[in-house]
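Work the whole structure out from these sequences, hints included.
Each chain, letter by letter, is given below.
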Amino acid sequence: MRPELSLLLLPTEHADVMPGTVATVISLSEGEWDFYWCDVSWLRENFDHTYMDEHVRISHFRNHYELTRKNYMVKNLKRFRKQLEREAGKLEAAKCDFFPKTFEMPCEYHLFVEEFRKNPGITWIMKPVARSQGKGIFLFRRLKDIMDWRKGNAGKKLTSLEAQPARSTANPSGSHDARSSDDQKEDIPVENYVAQRYIENPYLIGGRKFDLRVYVLVMSYIPLRAWLYRDGFARFSNTRFTLSSIDDQYVHLTNVAVQKTSPDYHPKKGCKWMLQRFRQYLASKHGPEAVETLFSDMDNIFIRSLQSVQKVIISDKHCFELYGYDILIDQDLKPWLLEVNASPSLTASSQEDYELKTCLLEDTLHVVDMEARLTGREKRVGGFDLMWNDGPVSREEGPPDLSGMGNFVTNTHLGCVNDRKKQLRQLFRSLQGQKKASS
Amino acid sequence: MLQEESDLSLVIAQIVQKLKGSSLYAQLERQAWASLQRPEIKLESLKEDIKEYFKISGWEKKLQNAVYSELSVFPSPSHPAAPPEHLKEPLVYMRKAQGSWEKRILKSLNSMCTELSIPLARKRPVGEQKELLNKWNEMGTDEPDLSLFRPVYAPKDFLEVLINLRNPNYENGDSLSFRTHLGLIQVPLKVKDIPELKEFFVELGLTTGQLGIDDSTQVPPELFENEHVRIGQKVLAEQDSAAAQQYIRQGSPTALRAELWALILNISSQPEDILYYEQLKTNVIQHDLLVDSLIYKDVKLTASNDDYYFVFEDYLYQVLLCFSRDTSVLGHFAYNSASPPKSYIRGKLGLEEYAVFYPPNASHLWKTLCWVQKITHGVIPFHGFSMYVAPLCFLYHEPSKLYQIFREMYVRFFFRLHSISSHPSGIVSLCLLFETLLQTYLPQLFYHLREIGAQPLRISFKWMVRAFSGYLATDQLLLLWDRILGYNSLEILAVLAAAVFAFRAVNLMEVTSLAAAEAVLADLSTLKVMPLLQIFLFATVT
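First to last, the sequence lines map onto chains A and B. Counted the way the UniProt record's numbering counts, the first sequence spans residues 1 to 439. Counted the way the UniProt record's numbering counts, the second sequence spans residues 1 to 542.
Just so you know, the hints here were simulated from the structure itself, not pulled from any lab data. Treat the hints with caution; some may be incorrect.
Said to hold, decoys possible - With a straight-line cut-off of 20 Å between C-alpha atoms, the simulated EDC-like cross-links for lysine to aspartate or glutamate are:
{"id": "1", "chain 1": "A", "residue 1": "Lys285", "chain 2": "B", "residue 2": "Glu398"}
{"id": "2", "chain 1": "B", "residue 1": "Lys401", "chain 2": "B", "residue 2": "Glu272"}
{"id": "3", "chain 1": "B", "residue 1": "Lys234", "chain 2": "A", "residue 2": "Glu289"}
{"id": "4", "chain 1": "B", "residue 1": "Lys528", "chain 2": "A", "residue 2": "Asp419"}
{"id": "5", "chain 1": "A", "residue 1": "Lys101", "chain 2": "A", "residue 2": "Glu114"}
{"id": "6", "chain 1": "B", "residue 1": "Lys528", "chain 2": "A", "residue 2": "Glu352"}
{"id": "7", "chain 1": "B", "residue 1": "Lys62", "chain 2": "B", "residue 2": "Glu259"}
{"id": "8", "chain 1": "B", "residue 1": "Lys55", "chain 2": "B", "residue 2": "Glu44"}
{"id": "9", "chain 1": "B", "residue 1": "Lys62", "chain 2": "B", "residue 2": "Glu272"}
{"id": "10", "chain 1": "B", "residue 1": "Lys123", "chain 2": "B", "residue 2": "Asp288"}
{"id": "11", "chain 1": "B", "residue 1": "Lys20", "chain 2": "B", "residue 2": "Glu272"}
{"id": "12", "chain 1": "A", "residue 1": "Lys285", "chain 2": "B", "residue 2": "Asp475"}
{"id": "13", "chain 1": "A", "residue 1": "Lys435", "chain 2": "A", "residue 2": "Asp369"}
{"id": "14", "chain 1": "A", "residue 1": "Lys334", "chain 2": "A", "residue 2": "Glu54"}
{"id": "15", "chain 1": "A", "residue 1": "Lys317", "chain 2": "A", "residue 2": "Asp97"}
{"id": "16", "chain 1": "A", "residue 1": "Lys285", "chain 2": "B", "residue 2": "Glu259"}
{"id": "17", "chain 1": "B", "residue 1": "Lys401", "chain 2": "B", "residue 2": "Glu278"}
{"id": "18", "chain 1": "B", "residue 1": "Lys47", "chain 2": "B", "residue 2": "Glu70"}
{"id": "19", "chain 1": "B", "residue 1": "Lys51", "chain 2": "B", "residue 2": "Glu40"}
{"id": "20", "chain 1": "A", "residue 1": "Lys421", "chain 2": "A", "residue 2": "Glu378"}
{"id": "21", "chain 1": "A", "residue 1": "Lys422", "chain 2": "B", "residue 2": "Asp214"}
Here the structure is a predicted model, which means the values were calculated and not measured.
Here you go:
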């Protein structure tokens, strides 16, 4: 452990979030780093042949795309759901129904058409699997719309179908040992899409649609250790929601990136609400119990989604990852998972946003704990609450009540007060005290 | 004794008169008739039985709430020979000042009309009406060209008027003494001092539990919060206005606030209320007013740019456009010193101006004119007016309910913040209260600020005029407005303004210019209202 030589390398995107720390970067010689907040492309090219000492940390898991690319996530979730049904029954498996019905295109096209015909008149959304910021997405209601699209991409599709091994008949346990097929998954030059059932009754505030961005920090998959950040935000669409205008991309897509190009967009507005505000709003409208239920349903989404890829992801002890979860709430206060981002945007759209993201990164570094200050038994570090530690983590102190009786409340505080500075002060003071006592 | 009794019976008579015209009366009558079918109602003891029935079925409670509501806005007893204007506002110089202020506003509005050659009012063509009806729920997407419009006035213009108010009968001599008021307001109104405020706001004391203080994360909920919530639910179950008003002095739990406010303001969504709102909506669709453009401009400039209220932009239009056409708002003029200045408008509006826009239909024309003269006096929005409505959008989502709540809040409280009167909750008294508190309890700060040309009122005026909306964080603002409702008074705004200055006194003592003082007080969004008030009132060494 060489704390003096810790170097931080941040891609330029992050430069405006943590300007202070970037200034301390020193020129590096090959491989001389202890901590790397890396780009996924770097990871893909270099991870496999980079030697890392025990203490070294890197900010992505090698095959994170199992969770973050929409088509793989769907597959993993479907598989996990089947397994749950076998082992624990339909009720347990139903807890995984937070993902709208999705079909991979083009290989599941026929399954999709079957589903489409069963539900005439509903709206579907077509999303490219690997693009972000809302690019390439469109809505449709008629098969004719995708027939045209399919024709337009026909040539490309055939190549992709031939090139990759038949993905749909892959090893049911989902293990992907062959390196080559992994590379192919990522390197496919052709675009793959998923067709997903569009949620037609989103919860509206002020007539506008919104989605929630929540941050989950995973320190390891085996065993699964995941932290949930208390802050986050709701991103509003700039225009009013109506199903009659499915061509208006700006209405339906709530990414700030897309909203920024809408003619209505005024940068000063920001069109974001901090989660605390959102939580208060819901509580004043529906009462605290309904809000508790909603937020614990969201906890369920985070945990199940991570569990579904637990066996698939290569759990390297050097890796950790900060995910950005996108959640949509419908009018029945049911949360839906839209997607998981491995590299959530860290550029700030407003002062408030800047504060949130700086504190988020700071607390991430505290949890990663390069300085080895933590004991490993902490349940809260700054704005992060330990949500899952190879098992549910309870808010109460003492050993978990495994009998299933009693009031188990998960140790999550999404949208609650985040008095992180105070907590960090107390934490580090007590840690210092403990160190002194033991030395 | 006799005088009191006759006063009381006068009050009762007036309230009965008022309530007789309300829908509650009709409902009670209906209920009474319907109750005749019940077995427990007997002919011999008809009166008592019906009364008993009303008690059990909750109708008596509704009547109680209505009476309580009327009492809250009832003017204080006065001499029987006093003329109506005197009842509205007893001080002649205040009446005059308000009259000339209104004249100025109207003049400004009229000149804007002429400059832009836009009529005060015009009937919309059918096509436009249809379009507006379709767009009713998303008027915020409209981007009309508002560049030529400017707000008729801003709070600081109004402040200048208040600064120049003088009581012609008051002579305080040329020599300065320790009694000289160093602030901007120079009228001798009676305001409370801290001991009186302590008594008035006794429930905010250190030994009483408060929401906003005793519900913070460090305090276990068993100590206060749980019990308080339980009591709140009970109050709601009983549907008792008076009890709700008493209860809310300690703050309202988030989940109960919407209902509690409705109970205190005695708003229940009856079909006739929804109908009334729809009628106003129809007026909006059919006629376009100059005032509308001013409303649009105000919403775009203030609420739409706010980090939190931008979401509610559409609701704001739906409420404010209807509000500007609501002639029943004039009912509150019985309690306001203002009165529709018939003479001014008739003189200004030549009939020929309107001949161009309307078909030559005399009776229709007169109706429109009378209506226009009413509404152009009704409420002319100033810069920031829409911020009165924005926080309410947090609580009420159904447009007609939101409308009713806003209207009631306006006629009970907000109108006092932008009209000249001697009422203890009027803006003049609030300014004077603020300055007096500061001068008496923070004399060094006051003197210092005055020396550097930063009269404190110049900074705090805008907070008070807007009832702190847009300056405080929403949850804090709602806690503050809880207390406004609870104490039926706006004095708390002046106390909070003084408390903010007290809180930032150290920084303020170091500034050397008005701009720097403004900068210290620019951001109030992190302030916690209740602790500030408590410390200022109950924990400061005086």
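Satisfaction of hint between Asp369 (chain A) and Lys435 (chain A), Cα-Cα up to 20 Å: holds (15 Å)
Keeping to a limit of 20 Å between CA atoms, is the pair of Lys317 (chain A) and Asp97 (chain A) held or broken? violated (31 Å)
Take a quick look at whether Lys55 (chain B) and Glu44 (chain B) sit within 20 Å of each other, Cα to Cα. holds (19 Å)
Can you confirm whether the C-alpha distance between Lys123 (chain B) and Asp288 (chain B) stays at or below 20 Å? Between Lys123 (chain B) and Asp288 (chain B) the Cα gap is close to 6 Å, so the pair holds against 20 Å.
Measure nothing beyond the straight line between the CA atoms of Lys62 (chain B) and Glu259 (chain B); if it is 20 Å or shorter, mark the hint as holding. With a Cα-Cα distance of about 15 Å, the restraint between Lys62 (chain B) and Glu259 (chain B) holds, given a limit of 20 Å.
Given the hint that Lys285 (chain A) pairs with Glu259 (chain B), test it: the Cα-Cα distance must not exceed 20 Å. OK: Lys285 (chain A) and Glu259 (chain B) at ~10 Å, within 20 Å.
Quick one, are Lys234 (chain B) and Glu289 (chain A) close enough, alpha carbons at most 20 Å? Holds, at roughly 18 Å.
Distance restraint between Lys101 (chain A) and Glu114 (chain A), which requires alpha-carbon spacing of 20 Å or less: holds (12 Å)
Holds or violated: Lys528 (chain B) with Asp419 (chain A), Cα cutoff 20 Å? holds (15 Å)
Given the hint that Lys285 (chain A) pairs with Glu398 (chain B), does the C-alpha gap stay at or below 20 Å? At roughly 12 Å apart (the allowed maximum being 20 Å), Glu398 (chain B) and Lys285 (chain A) satisfy the hint.
Satisfaction of hint between Glu40 (chain B) and Lys51 (chain B), Cα-Cα up to 20 Å: At roughly 12 Å apart (the allowed maximum being 20 Å), Glu40 (chain B) and Lys51 (chain B) satisfy the hint.
Pair hint outcome, Lys20 (chain B) versus Glu272 (chain B) [Cα-Cα no greater than 20 Å]: Within the cut-off at roughly 16 Å; holds.
Hints 14, 15, 18 from the list above are not met by this structure, while the remaining hints are.
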